[in-house]
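If you read the protein sequences in the order shown, they are chains E and R.
Under the working numbering, the residues of the first sequence are numbered 2 to 269, in order.
Under the working numbering, the residues of the second sequence are numbered 10 to 335, in order.
By construction, these hints were calculated from the structure, which means they are not laboratory data.
For glycine and all other residues, C-beta sits at the position ideal for the given N, C-alpha and C.
Treat the hints with care, as some may be off.
[Stated by the list, open to error] The calculated lysine to aspartate or glutamate pairs, modelled on EDC-like cross-linking and capped at a C-alpha distance of 16 Å, are: (1) E:Lys31 with R:Glu110; (2) R:Lys42 with R:Asp11; (3) R:Lys69 with E:Asp106; (4) R:Lys69 with R:Glu32; (5) R:Lys155 with R:Asp141; (6) R:Lys300 with R:Glu253.
[As the list claims (entries may be wrong)] Reference listing, derived: stretches of chain E covered by chain R, where coverage requires no fewer than 3 residues with Cβ under 8 Å from a Cβ of chain R: (7) 30-44; (8) 103-115.
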Amino acid sequence: MTATATELASAPPRASGAPEALRSAFYIGKREVRNVLRAPADFLPGLFIPVFFYFIQVGSLSKFATGFGLHNYKAFQLPIGLLFAASNGGSGLNMVMDIESGYFDKLLLTPVNRLALLIGAMGADLCRIFVQNTFVMVLALAAGLEFKTGIAGAAVLVIIASVWGLAYSAIGFGIALKTGSPAATQSAWVIFFPLIFLAPSFAPLNALSGWLRGAARANPVTYLLQGMRALSMEGWVAHDIFVGLIAIAAVGAFTLTLAFRGLLSRVR
Amino acid sequence: MDAIEASGLVKRFPARGDAAPVEAVAGIDLAVKEGEIFGFLGPNGAGKSTTVRVFTTLTKPTSGEARVAGLDIVRNAQAVRRIIGVALQEVGLDGRATGRELLELQAHLYGVGGGEPARRARELLDLVGLADAANRRIQTYSGGMKRRLDLASALVHKPRILFLDEPTSGLDPASRRTVWDEVRRLNDEDGITVFLTTQYLEEADELAQRVAIIDAGSIVAEGTPAELKGSIGADVVTITVPSEKIARAEKALAALKGVKEIRRHKHALTLFIADGSKAVAAVVRLLDEAKVQLDSITVASPTLDDVFLRATGHRIEGETAAVGVA
Numbered sequence: 002m003t004a005t006a007t008e009l010a011s012a013p014p015r016a017s018g019a020p021e022a023l024r025s026a027f028y029i030g031k032r033e034v035r036n037v038l039r040a041p042a043d044f045l046p047g048l049f050i051p052v053f054f055y056f057i058q059v060g061s062l063s064k065f066a067t068g069f070g071l072h073n074y075k076a077f078q079l080p081i082g083l084l085f086a087a088s089n090g091g092s093g094l095n096m097v098m099d100i101e102s103g104y105f106d107k108l109l110l111t112p113v114n115r116l117a118l119l120i121g122a123m124g125a126d127l128c129r130i131f132v133q134n135t136f137v138m139v140l141a142l143a144a145g146l147e148f149k150t151g152i153a154g155a156a157v158l159v160i161i162a163s164v165w166g167l168a169y170s171a172i173g174f175g176i177a178l179k180t181g182s183p184a185a186t187q188s189a190w191v192i193f194f195p196l197i198f199l200a201p202s203f204a205p206l207n208a209l210s211g212w213l214r215g216a217a218r219a220n221p222v223t224y225l226l227q228g229m230r231a232l233s234m235e236g237w238v239a240h241d242i243f244v245g246l247i248a249i250a251a252v253g254a255f256t257l258t259l260a261f262r263g264l265l266s267r268v269r
Numbered sequence: 010m011d012a013i014e015a016s017g018l019v020k021r022f023p024a025r026g027d028a029a030p031v032e033a034v035a036g037i038d039l040a041v042k043e044g045e046i047f048g049f050l051g052p053n054g055a056g057k058s059t060t061v062r063v064f065t066t067l068t069k070p071t072s073g074e075a076r077v078a079g080l081d082i083v084r085n086a087q088a089v090r091r092i093i094g095v096a097l098q099e100v101g102l103d104g105r106a107t108g109r110e111l112l113e114l115q116a117h118l119y120g121v122g123g124g125e126p127a128r129r130a131r132e133l134l135d136l137v138g139l140a141d142a143a144n145r146r147i148q149t150y151s152g153g154m155k156r157r158l159d160l161a162s163a164l165v166h167k168p169r170i171l172f173l174d175e176p177t178s179g180l181d182p183a184s185r186r187t188v189w190d191e192v193r194r195l196n197d198e199d200g201i202t203v204f205l206t207t208q209y210l211e212e213a214d215e216l217a218q219r220v221a222i223i224d225a226g227s228i229v230a231e232g233t234p235a236e237l238k239g240s241i242g243a244d245v246v247t248i249t250v251p252s253e254k255i256a257r258a259e260k261a262l263a264a265l266k267g268v269k270e271i272r273r274h275k276h277a278l279t280l281f282i283a284d285g286s287k288a289v290a291a292v293v294r295l296l297d298e299a300k301v302q303l304d305s306i307t308v309a310s311p312t313l314d315d316v317f318l319r320a321t322g323h324r325i326e327g328e329t330a331a332v333g334v335a
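Bound-form chain E, shown alone (with noise of 0.2 Å):
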């Protein structure tokens, strides 16, 4: 039988608030997952760029990183490795292909929580920065590296590393958001190299001299990656540590304020 306006009208709605968000998160992001499994084109090059970047470097300054103290350079490397395979730019690109095949507009057009759909999408993008950067931890560990704070300190670095990805991605998502561009969104990439080449990655902070010193100072990269060596070289040196998540929690609350900005944008 056919329902009356007014009984439509007065249904009640169903279960929303917090539990209902985070159900339709999970559901996105398990769809998420499902199509960056079924696109291995799409991922496998950021397993591969970082351990390429990782083992070249070590092999090739290794030799003149002594001539800075820098014995283990492994371990000093290590964290570049992982900030490269936490960067790799492919972020929100699944979602501006969304936006442009308007599929987006059909998840925007179930009751979901818009929130949900960006939580959902960020964390499928987290769970793919875990697996590489667990891979390159492992693929370092195996390659000899010397970890100062054994298994539990590399599983804390790769949570770190994977902590660092999920605010870096947001720049991603924000993009694809405000401009629904593919051309955009793959931009984000271009951030990253400021980030990286305009911190202490290649020889320690005070081995760097003029402008250059005083980018990597201005740099949260430069703490990020002084936390993400203690773990690697010295031991669980709290401060450093502390500082590496102060730099990561700055740099997210402007990645993530511009990723919900984009969203509003999109959904208004």
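Mind docking chain R on chain E? Use the hints.
This is chain R only, laid out in the frame that chain E set:
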């Protein structure tokens, strides 16, 4: 209470770069009764899709009010989304998913729980004839299959009001007929109110119980197809002549007895005349006297395109270069 109602609905897009601002919806008033199939007919760019995007909460109106099932589309947007099903003009599907996965996800996002999403997906895939392709990736589907899957995804939560934006655009005649049959069945058996936009006259005539004709963002005529066609109160005589003789032909036929209105096009004249078949001989004689070569002449009962022509001065389909009114 009407299923869908709008009052003074306006959607304006601001200027972007060199492009001027656009008023895509220019003050629409309409009411769609519960349980009816309502056709929203107009040419490309008339404002049909924007109206649908406003009703379905994808775009906020610039001004005016609209209600769906009595719910304000701005203030109660989320509640509106629970009630409506939507198939947009651009078939938005996830090409990497299978048909089954897409429908199951859609069901989950509407809060359908337990084993119900899988059951509902099976049911809908059967309904739209895609059971055999259920586990194939959507990127391998044909255009018609994608349309049918899109329609199925709009039905996953058993909506009471269905918005279909150009549902048969780009489909072959057989697939178009399949969609029409399904829309009728949904309306007849399930009592679903259907708001259907189309640029196909035949589609509006076949499916819609009432039709609103939209042009340049405004509704120019509204009623049942029979009422609209009857409102012309005349037969439609169309003659084609060489384009350089069109003005002379128009002048000659202006004196024709019983002619209510003449619309001039590039190569043709459309005459609204009381008894078309009887007027044919007089038309031929007048053109002959004016030394205008007649290429063709047809007499027909009015169509919705004629209603559109009379209201706007141009046709929905075919020639749109109407330039004058007698």
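Can you give the numbers of the hints that this structure goes against, from lowest to highest? none
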